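**Student:** So the chains spell out like this:
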Amino acid sequence: MDQPARPTRQRRSGRIGKAGLALVVLGILFLSPALLAQDWVKTGTSLGVEKVRLAVSDFKPSTTDPQNTALLKTFNDTLWNDLDVSGVVELVSKSFYPLQTPGQPPEVNFLAWNAPPPNAAMLAFGNLGAVANGRLTVQGWLYDVKNIQSPQILGKQYGDAASDAAARVMAHKFADEIILRLGGGIAGIAESQIYFVSDRTGHKEVWAMDYDGSNQHQITRLGSIALSPRISPDGSRIAFSALTKTGWEIMMYSLDLNRLVSFPHMGGTNLSPAWSGDGTKLAFSSSRGGDPEIYVADASGGNLHRMTTAKGPDVSPVWNRKTNAQIAFVSGRTGLPQIYAMEADGTNQQRMTDQGYAVSPNWSPNGQFLTLAWVRKYGPGEPGSSDIYLMDIASKQWVQLTHDGGRNDFPSWSPDGRHIVFQSNRSGSLEIWSMLADGTKVQQLTFSGRNTQPNWSWK
Amino acid sequence: MAANAEIYFEHDGWGRALAWSAGLHVAITAALLLYSALFYRTSGEGWGAGGGGEAIGATLVSTVPLPANPAQAQNVLANESKGLTQSQPKIEEKVADAIEIQGKNAKVKPKKKQETASKEKPQPAPEEETNQVAFGEGGPVSGPYGTFSAAGAKGGFGITGGGGDFGTKYAWYVRVIQQKVAENWLKYEIDPRITTAQRVYITFDVVRDGHPMNVQVEQSSGVPSLDISAKRALERIDTFGALPPDYSGNKISVEFWFDYSRK
Chain U
1 MDQPARPTRQ RRSGRIGKAG LALVVLGILF LSPALLAQDW VKTGTSLGVE KVRLAVSDFK
61 PSTTDPQNTA LLKTFNDTLW NDLDVSGVVE LVSKSFYPLQ TPGQPPEVNF LAWNAPPPNA
121 AMLAFGNLGA VANGRLTVQG WLYDVKNIQS PQILGKQYGD AASDAAARVM AHKFADEIIL
181 RLGGGIAGIA ESQIYFVSDR TGHKEVWAMD YDGSNQHQIT RLGSIALSPR ISPDGSRIAF
241 SALTKTGWEI MMYSLDLNRL VSFPHMGGTN LSPAWSGDGT KLAFSSSRGG DPEIYVADAS
301 GGNLHRMTTA KGPDVSPVWN RKTNAQIAFV SGRTGLPQIY AMEADGTNQQ RMTDQGYAVS
361 PNWSPNGQFL TLAWVRKYGP GEPGSSDIYL MDIASKQWVQ LTHDGGRNDF PSWSPDGRHI
421 VFQSNRSGSL EIWSMLADGT KVQQLTFSGR NTQPNWSWK
Chain L
1 MAANAEIYFE HDGWGRALAW SAGLHVAITA ALLLYSALFY RTSGEGWGAG GGGEAIGATL
61 VSTVPLPANP AQAQNVLANE SKGLTQSQPK IEEKVADAIE IQGKNAKVKP KKKQETASKE
121 KPQPAPEEET NQVAFGEGGP VSGPYGTFSA AGAKGGFGIT GGGGDFGTKY AWYVRVIQQK
181 VAENWLKYEI DPRITTAQRV YITFDVVRDG HPMNVQVEQS SGVPSLDISA KRALERIDTF
241 GALPPDYSGN KISVEFWFDY SRK
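Chains U and L, in that order, are what the protein sequence lines are.
For the first sequence, my numbering assigns the number 1 to the initial residue and increments by one for each residue that follows.
For the second sequence, my numbering assigns the number 1 to the initial residue and increments by one for each residue that follows.
Bear in mind the hints are in silico, worked out from the structure with no lab data behind them.
Do not take every clue at face value.
Some residues of chain U that are not near chain L, with every Cβ distance over 10 Å (derived) [as the list claims (entries may be wrong)]:
#1 D65
#2 K146
#3 Q149
#4 G184
#5 S395
SDA-like, lysine to any residue: derived pairs with alpha carbons at most 25 Å apart [unchecked claim]:
#6 U:K377 <-> U:G439
#7 U:K51 <-> L:D165
#8 L:K187 <-> U:I393
#9 U:K377 <-> L:S36
#10 U:K51 <-> L:P245
#11 L:K231 <-> U:A394
#12 U:K173 <-> L:D209
#13 U:K51 <-> L:S36
#14 U:K322 <-> U:N366
#15 L:K187 <-> U:V169
#16 U:K94 <-> U:A132
#17 U:K156 <-> U:L243
#18 U:K51 <-> L:V217
#19 U:K322 <-> U:Y378
#20 L:K169 <-> U:L180
#21 U:K60 <-> U:V169
#22 L:K231 <-> U:N366
#23 U:K94 <-> U:G134
#24 U:K396 <-> L:V207
#25 U:K459 <-> L:G241
#26 U:K396 <-> L:S261
#27 L:K169 <-> U:L91
#28 U:K396 <-> L:K169
#29 U:K156 <-> U:Q67
#30 U:K156 <-> L:R232
#31 U:K156 <-> U:G185
#32 U:K94 <-> U:V131
#33 L:K169 <-> U:Q139
#34 U:K322 <-> L:I194
#35 U:K51 <-> L:H211
#36 L:K251 <-> L:V223
#37 U:K156 <-> L:Y247
One-sided excerpt, in silico: chain L residues whose CB lies under 7 Å from chain U [claimed, not checked]:
#38 V176
#39 A197
#40 F240
Predicted, not measured: the structure shown is a model, and the values here were computed from it.
Every residue, glycine too, gets a C-beta built ideally from N, C-alpha and C.
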């Protein structure tokens, strides 16, 4: 491979005298074992990066149990979907696969997979089998099929009770393992949860579901109105605002105890709680002083501090979850709501959006981006629509992620920073949708009732 | 009441009522116009009232560097690769230097020199080093990831250091490094006046848990902002993912180059 010459090194080597040479020889003699142990990798940006072409062969039955057919379908469908929406790999269409698919490592025919038509770089395969005592065992491998000498990247075995839910969980776990390796150490989201508000029972309550929309279940049963659920970083508590006898208050629900736990009533209208990245603080908006302002309290509700003082409403705070040093929020101090950012102590308040109607900020896990709902052209005669945008905080450059798809609002980042969940009425009613953070792979997650204000778990 | 009462019999004059009605309509319209002109503009603070605030320059860009892959996948079914086969040397047909004048020897059939490839002494084929494959070419890959799309650039990853075979054994990990660094390199940090620059070399170690350490500029590009952007790309990365569990070493050293040209 061509590389530019390094004149500095050549000059340097030319100047080495005899004494220096002797020293170098001595040094090599002593250091050679260490040098031999050192692995050097040379690479660069000019090589281009393609997504890995991954073939996912349907897992094969390892036993003759009659349950296998249904469990295999659940497992294979879930694994395929997890990898397809991961944004990390490019799945090779199953129509290119060879007729003989492997269920065990010795059955892998490398040439059939690494050459066209599949031309796969990686192959995920394995087997699944239920046995008589109600157990389900899954073995899965990930092979680098272009590296015939040492192909195995991953080999896993899972065991659980034979059920549809267990097969789904095992597929999620295996998909996460693959994404962890091929995605550069960022854990997959297949086991993450999305919390949202649904009125399908007649009241607006907090609900939860798997990241792919399956396993939807109700969390709160207040019989009132619950809004803006926010899961804590450790996944143990949900803070939300609810209409109580004394008005809108911040409420706390423990997922460990499956009941409400105490949180002080602040007075006034208290809305949109937001957890800090370390889970020790809660920011929310409160009108206890008259004007809605941003307040920060401990996770227990104590040690309350007011962060904003400007005339006009300040609402919807969200922490920079990587540094915990900044808070973004929505302010109407100049008229229409705009996104602002400030230090966590309330100083250095800075406007982020320049026009229109901007709400619902959400900070990316790496602290680099804000996603927000924005009507760039707002007002009578302006045909603006509410769309999801992404803004690079340092440069204030932005990208529109949704286009011509109804009214979109409440974006929330996935823990891997590759996905965004949001609400949209593009299907006719308010439902939860998710997409990759570049606006692709849009998929609907909820289908019954009106579902709003999604919040993705932290892990 | 009589059965045949004439209900349409009495007629009042309409002219007066019509005049009142028209007058009232005109008065109400004038009052509305006057009100909107005088009062409406001065009222309305809060949501929807407009207002300027400080000027912020937010600009539309086609892309913001995202966690997704920046490069487009190449069509794998067909490419312009010539493969490993060697092209035959082209046979040059010799053109006569001069045309013979038709004279008295015209009847004599000139001896036609026919040079054919079979008579020509076979030329030795251009030597091709057996251990090299042109970048991005070659039929079945000669090694893991030998088919990176290059977009006109030359380069590739290689291994130096005695005995280390990390790059060949764990090619997938090398690709992860390459992808993550490329993703985290924000080109807008580079001085916009720079159109092209020398290659900058960064070296760093990846320790057991995948964390990059000892990030250093090994060879500067001569453009400080490019050097800094390259170094920052590494500093943004928390982890590349743990080194493969069956890898015996404690760390790997990476030399990463950044090519920059603004098209």
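**Student:** Take the hints in turn and mark each one as holding or not.
**Tutor:** Each hint, compared with the structure:
Remark: the non-interface label on D65 (chain U) is consistent with the geometry, its nearest Cβ contact in chain L lying 32 Å away (cut-off 10 Å). Interface exclusion of K146 (chain U) from chain L breaks down, the closest Cβ pair being 5 Å apart, not more than 10 Å. The claim that Q149 (chain U) lies off the interface is violated: its Cβ sits roughly 7 Å from the closest Cβ of chain L, which falls inside the 10 Å cut-off. Listed as a non-interface residue, G184 (chain U) fails to keep its Cβ farther than 10 Å from every Cβ of chain L; the least gap is roughly 4 Å.
A Cβ of chain L approaches the Cβ of S395 (chain U) within 10 Å, the least distance being about 6 Å, so the stated non-interface status is violated. Our distance criterion of 25 Å between C-alpha atoms is met by K377 (chain U) and G439 (chain U), whose separation comes to about 20 Å. Between K51 (chain U) and D165 (chain L) the alpha-carbon distance is near 24 Å, which keeps this suggested pair within the 25 Å criterion. In summary, the hint linking K187 (chain L) to I393 (chain U) is supported, as the alpha carbons are separated by about 15 Å, within the 25 Å threshold.
For the given pair, K377 (chain U) sits about 24 Å from S36 (chain L) by alpha-carbon distance, which is consistent with the 25 Å threshold. A distance of roughly 23 Å separates the Cα atoms of K51 (chain U) and P245 (chain L); the hinted pair therefore holds under the 25 Å criterion. For a cut-off of 25 Å, the pair hint linking K231 (chain L) to A394 (chain U) stands: about 17 Å separates their Cα positions. Under the criterion of a C-alpha separation no larger than 25 Å, the hint pairing K173 (chain U) with D209 (chain L) is consistent with the structure, at around 20 Å.
Simply put, K51 (chain U) and S36 (chain L) have alpha-carbon atoms about 60 Å apart, too far for the 25 Å limit, and the pair is violated. For the hint linking K322 (chain U) to N366 (chain U), the alpha-carbon distance of about 6 Å falls within 25 Å, and the restraint holds. A distance of roughly 40 Å separates the Cα atoms of K187 (chain L) and V169 (chain U); the hinted pair therefore is violated under the 25 Å criterion. A hinted pair counts as satisfied when its Cα atoms are at most 25 Å apart, and K94 (chain U) with A132 (chain U) does not qualify at roughly 32 Å.
For the proposed pair K156 (chain U) and L243 (chain U), the alpha carbon gap of about 48 Å is over 25 Å, so the pair is violated. Taken as a hint, the K51 (chain U) and V217 (chain L) pair is broken in the structure, with Cα atoms around 28 Å apart against an allowance of 25 Å. Our distance criterion of 25 Å between C-alpha atoms is broken by K322 (chain U) and Y378 (chain U), whose separation comes to about 32 Å. For the hint linking K169 (chain L) to L180 (chain U), the alpha-carbon distance of about 19 Å falls within 25 Å, and the restraint holds.
For the hint linking K60 (chain U) to V169 (chain U), the alpha-carbon distance of about 18 Å falls within 25 Å, and the restraint holds. Pair hint K231 (chain L) plus N366 (chain U) holds up; C-alpha atoms about 17 Å apart against a cutoff of 25 Å. For the suggested pair K94 (chain U) and G134 (chain U), the alpha carbons sit about 31 Å apart, so the restraint of at most 25 Å is broken. Simply put, K396 (chain U) and V207 (chain L) have alpha-carbon atoms about 34 Å apart, too far for the 25 Å limit, and the pair is violated.
Proximity of K459 (chain U) to G241 (chain L) is assessed by CA-CA distance (about 16 Å); at most 25 Å being required, the pair is judged to hold. A hinted pair counts as satisfied when its Cα atoms are at most 25 Å apart, and K396 (chain U) with S261 (chain L) qualifies at roughly 23 Å. This hinted pair checks out: K169 (chain L) and L91 (chain U) have alpha carbons roughly 23 Å apart, not beyond 25 Å. For the hint linking K396 (chain U) to K169 (chain L), the alpha-carbon distance of about 42 Å lies beyond 25 Å, and the restraint is violated.
A threshold of 25 Å between alpha carbons decides the hint, and for K156 (chain U) with Q67 (chain U) the separation of about 22 Å falls inside it, so the pair holds. For the hint linking K156 (chain U) to R232 (chain L), the alpha-carbon distance of about 36 Å lies beyond 25 Å, and the restraint is violated. Between K156 (chain U) and G185 (chain U) the CA atoms are separated by roughly 17 Å; this keeps the pair inside 25 Å, and the hint holds. With a CA separation close to 28 Å, the supplied pair K94 (chain U) and V131 (chain U) exceeds the 25 Å bound.
The straight-line distance between the Cα atoms of K169 (chain L) and Q139 (chain U) is roughly 23 Å, inside the 25 Å bound, and the hint therefore holds. With a CA separation close to 32 Å, the supplied pair K322 (chain U) and I194 (chain L) exceeds the 25 Å bound. Restraint check: the Cα-Cα separation between K51 (chain U) and H211 (chain L) comes to about 22 Å, which is no more than 25 Å; the hinted pair holds. Taking the CA atoms of K251 (chain L) and V223 (chain L), the gap is near 30 Å; set against the 25 Å cutoff, the hint is violated.
Restraint check for K156 (chain U) and Y247 (chain L): the C-alpha separation of about 18 Å stays at or below 25 Å, so the hint holds. Interface restraint check: V176 (chain L) against chain U, minimum CB-CB distance 5 Å, threshold 7 Å, status holds. Interface hint status for A197 (chain L): violated, as the beta-carbon distance to the closest one in chain U is roughly 12 Å, over 7 Å. For the restraint placing F240 (chain L) at the interface with chain U, the shortest Cβ-Cβ distance is roughly 5 Å, inside the 7 Å limit, so the hint holds.
Going through the hint list in order, the structure does not satisfy hints 2, 3, 4, 5, 13, 15, 16, 17, 18, 19, 23, 24, 28, 30, 32, 34, 36, 39.
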